[in-house]
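J.: What follows is each chain in one-letter form.
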Amino acid sequence: MKRILPFIIILVVLGVALTSAWYLTRTIPAAQNPAGNHPPSAPGSPGSQASPADQPVVNGVPGAEPAHTHGPENAPVKLEEFGDFECPPCGLFHPILKQMEEEFGDKLHVTFREFPLVPTHQHALAAASAAEAAGLQGKFWEMHHIIYDHQKEWSKQFDVRPIFEGYAKEIGLDVDRFKKDVDSDAVANRIMQDGKRGHSMGVKGTPTVFINGREVNFENLPADKLRVVIQNELRSAGK
Amino acid sequence: MRKVYILASVLSLLGLADALYLTIEHLTGQTVRCTILSGCSEVLSSEYAVVAGMPLAAVGAAAYFTVFSLAILALFGYRIAGKILTPLVIAMFFVSVWLFYLQAFVIRQFCQYCLFSAAITTCLLVIVLSLLWFRPAAQ
Numbered sequence: 001m002k003r004i005l006p007f008i009i010i011l012v013v014l015g016v017a018l019t020s021a022w023y024l025t026r027t028i029p030a031a032q033n034p035a036g037n038h039p040p041s042a043p044g045s046p047g048s049q050a051s052p053a054d055q056p057v058v059n060g061v062p063g064a065e066p067a068h069t070h071g072p073e074n075a076p077v078k079l080e081e082f083g084d085f086e087c088p089p090c091g092l093f094h095p096i097l098k099q100m101e102e103e104f105g106d107k108l109h110v111t112f113r114e115f116p117l118v119p120t121h122q123h124a125l126a127a128a129s130a131a132e133a134a135g136l137q138g139k140f141w142e143m144h145h146i147i148y149d150h151q152k153e154w155s156k157q158f159d160v161r162p163i164f165e166g167y168a169k170e171i172g173l174d175v176d177r178f179k180k181d182v183d184s185d186a187v188a189n190r191i192m193q194d195g196k197r198g199h200s201m202g203v204k205g206t207p208t209v210f211i212n213g214r215e216v217n218f219e220n221l222p223a224d225k226l227r228v229v230i231q232n233e234l235r236s237a238g239k
Numbered sequence: 001m002r003k004v005y006i007l008a009s010v011l012s013l014l015g016l017a018d019a020l021y022l023t024i025e026h027l028t029g030q031t032v033r034c035t036i037l038s039g040c041s042e043v044l045s046s047e048y049a050v051v052a053g054m055p056l057a058a059v060g061a062a063a064y065f066t067v068f069s070l071a072i073l074a075l076f077g078y079r080i081a082g083k084i085l086t087p088l089v090i091a092m093f094f095v096s097v098w099l100f101y102l103q104a105f106v107i108r109q110f111c112q113y114c115l116f117s118a119a120i121t122t123c124l125l126v127i128v129l130s131l132l133w134f135r136p137a138a139q
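Protein chains in written order, with this note's numbering: chain A, 1 to 239; chain B, 1 to 139.
Rather than coming from a laboratory, the hints here were simulated on the basis of the structure. Careful: at least some of the hints might be erroneous.
[To be verified] Far from chain A by the CB rule (all over 12 Å, computed), these chain B residues:
#, residue
1, K3
2, L44
3, L88
4, V97
5, L129
[Claimed, not checked] What follows is a set of in silico ranges between Cβ atoms, one per label pair, in the way DEER data are often shown:
#, chain 1, residue 1, chain 2, residue 2, range
6, B, K83, A, V16, 24 to 30 Å
7, A, V16, B, Q112, 45 to 51 Å
8, B, A91, A, H199, 44 to 50 Å
9, A, G105, B, F105, 25 to 31 Å
10, B, L88, A, V175, 54 to 60 Å
11, A, Q122, B, A62, 47 to 53 Å
12, B, R108, A, I4, 47 to 53 Å
13, A, P162, B, T35, 50 to 56 Å
14, A, R161, B, I6, 32 to 38 Å
[What the hints assert, rightly or not] Among chain A residues calculated to face chain B with C-beta under 8 Å, some are:
#, residue
15, K2
16, V12
17, T25
18, D84
19, C90
20, M100
21, F140
22, M201
23, K204
Keep in mind it's a predicted model, so treat the numbers as computed, not measured. Cβ coordinates follow ideal geometry from the N, Cα and C atoms, glycine included.
Looking at chain B on its own, in the form it has when it is part of the complex (with noise of 0.2 Å):
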């Protein structure tokens, strides 16, 4: 249990650092630069990359944040923030997989940045499930 949560907050932090890129990106104005591999600046430019007048990304760091810090406060033996893990992960888990379809059927652009950041959401909701199956287990 307590590797899951220390593998949970080291994937958090990867997160918290991709999220944070975007959103320093996002405030100074800049967009990546055009490459044949890359849709990064179709992607950021868009009216997708801000909710409520804020930066997409800034909330997903704020998410990563927080995913973050119930973790290590479930690993230290907190078992309520344990529990509310779960939900939010998997809440993240459903706004990535929004935006994936946004980028590959509205955009129809992919950014490198936004899929590390699925990946790292998708793995975490691999983690909290497995949580959810052995914890029953364990009991």
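In isolation and in its complexed conformation, chain A is listed as follows (with noise of 0.2 Å):
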């Protein structure tokens, strides 16, 4: 028996870990890169449990005014994110939101709210002050774009205004200003008081997404749990 014990130790162990592995990778929501292409979950599938109707609706102090968004401002379903350029999975949750702004049009008002997480990421307050920048031109939706969309690229780059000066030039913005802009009072201004909305609100991290006042699971933003959660919302809206 003692021969065979350790194996059958062995085993156990292993056995425990495929067990937990396989559950986990089941219950796991699979996240929905820019490329993929998940079904949407039917509502009454497990999907329609997305829901933050179970969270708290949160009021925090006002953010920069005027905010920047999307969409018309009495839509039944109003989505305010706070976001870092620089994160990862803000960078996921980009073409994500982009998504869901075509699928829902008029029925989605956005909201996005600079949130650099310095030190953590070393470029994100000079790619937050850069899309403020291009803000006060009436640009902040083009800059905000293409900062995304080139994460990976200028990301990795030690310095990045250049890179940001070249994205003021492509989507149209008078560059002087914008170099004087970037590091002006009233963009700074305008990051701190989105940044203090935030804190207002509990957000620790990004990206960090309300929908009506009510903060959506961090599990539920890929863009197949997240369809069910603003459909959710338009229903008990009755729209």
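Join the two chains into one complex using the hints; note that each chain is given alone, in its own frame.
T.: So this is what it looks like as structure tokens:
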């Protein structure tokens, strides 16, 4: 018996490890990458449990005004994202949110709040400043998109300023004004105001998403889950 | 000697749990949310997180399971297992040093799960080196 006991122990540990791995891979939802095309979860399926309805409504201090928004003010679903341009999951969430905006159209109102994670991300503040400086010329979203679309390229560089200035030129900004605005108090204040709002709402990481004031769990941010969350909110609003 | 093998098997189980968690994160496409304290997203989504098409964490899980198996076999008197354990743990330690270098100087972000694994491997190295130290004395 003593000769085979170690093999029994090893097999038991192997069995437990494999069973745990199998169980967890089934219960953790697969995140949808930009190229992925997961089928949407039907209402009533396990995915429909993905609702922030059990979360409390959070009312933080006001962020930067006017906020950067997309969609009609009276849309039944108001989504607010706290994002960091250098954060890889934020980069993955960017095309998902664009997809949701295309799918739900004027039923969705999106707000983006700056939440650069300094010092974890060395270029996050520069990226947020670039986006806000573009916003002062009315092209926040253009800069927002181009920064996220090229996240993997600029985030590895030592000096990102020339890259962002190149983006400014590409989207048709007055580059000289952009260079001044990046270091302006107006831009710094906007980022600070958004940060204060995030902290007052309990934001600890990025991306953090609120829908109609309720935080959406991180595991519900893949497209197939987020779609169900939005559908549930629309159903609650009777739309 | 028995206590040392028991300690090695417990440590390797902790390493196995850590590596399994990272493997599942990788296989399900999940990335850990970015926070002020953690650079896990950057580390786990980097090109170094995959080796020959396999998640590096899965290789780590296999290595920890092997260490566990060898420690258990050695505990029950299979002397050959104890002899294989030492070079394996030394190899794992060097891989950990390489991964630590990548985090510190290439990716420039630290992931606590990876650091935990490195700490476990370092402890295992101390254990197997202590075995080498005390074995001749015991004989």
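J.: Next step is simple, just say for each hint if it's right about the structure.
T.: Outcome of the hint check:
1. K3: 16 Å, holds
2. L44: Nearest chain A Cβ is 9 Å from L44 (chain B), so the label is violated.
3. L88: Fine: 15 Å to the nearest Cβ keeps L88 (chain B) off the interface.
4. V97: 23 Å, holds
5. L129: The claim holds: L129 (chain B) sits with its nearest Cβ about 23 Å from chain A, beyond 12 Å.
6. B:K83 with A:V16: 24 to 30 Å: 27 Å, holds
7. A:V16 with B:Q112: 45 to 51 Å: With a Cβ separation near 24 Å, V16 (chain A) and Q112 (chain B) fall outside 45 to 51 Å, so the hint is violated.
8. B:A91 with A:H199: 44 to 50 Å: 45 Å, holds
9. A:G105 with B:F105: 25 to 31 Å: Given range 25 to 31 Å: violated, Cβ gap about 47 Å.
10. B:L88 with A:V175: 54 to 60 Å: Because 57 Å falls inside the window, the suggested range holds.
11. A:Q122 with B:A62: 47 to 53 Å: 34 Å, violated
12. B:R108 with A:I4: 47 to 53 Å: 49 Å, holds
13. A:P162 with B:T35: 50 to 56 Å: 29 Å, violated
14. A:R161 with B:I6: 32 to 38 Å: 56 Å, violated
15. K2: Result: holds, 7 Å to nearest chain B Cβ.
16. V12: 10 Å, violated
17. T25: 6 Å, holds
18. D84: 6 Å, holds
19. C90: At 7 Å from the nearest chain B Cβ, C90 (chain A) passes the 8 Å test, so the hint holds.
20. M100: This hint is violated: M100 (chain A) lies away from chain B, its Cβ roughly 18 Å from the closest one there, beyond 8 Å.
21. F140: Violated. Min distance 21 Å.
22. M201: 15 Å, violated
23. K204: For K204 (chain A), the interface hint holds, since the closest Cβ of chain B sits about 6 Å away, which is under 8 Å.
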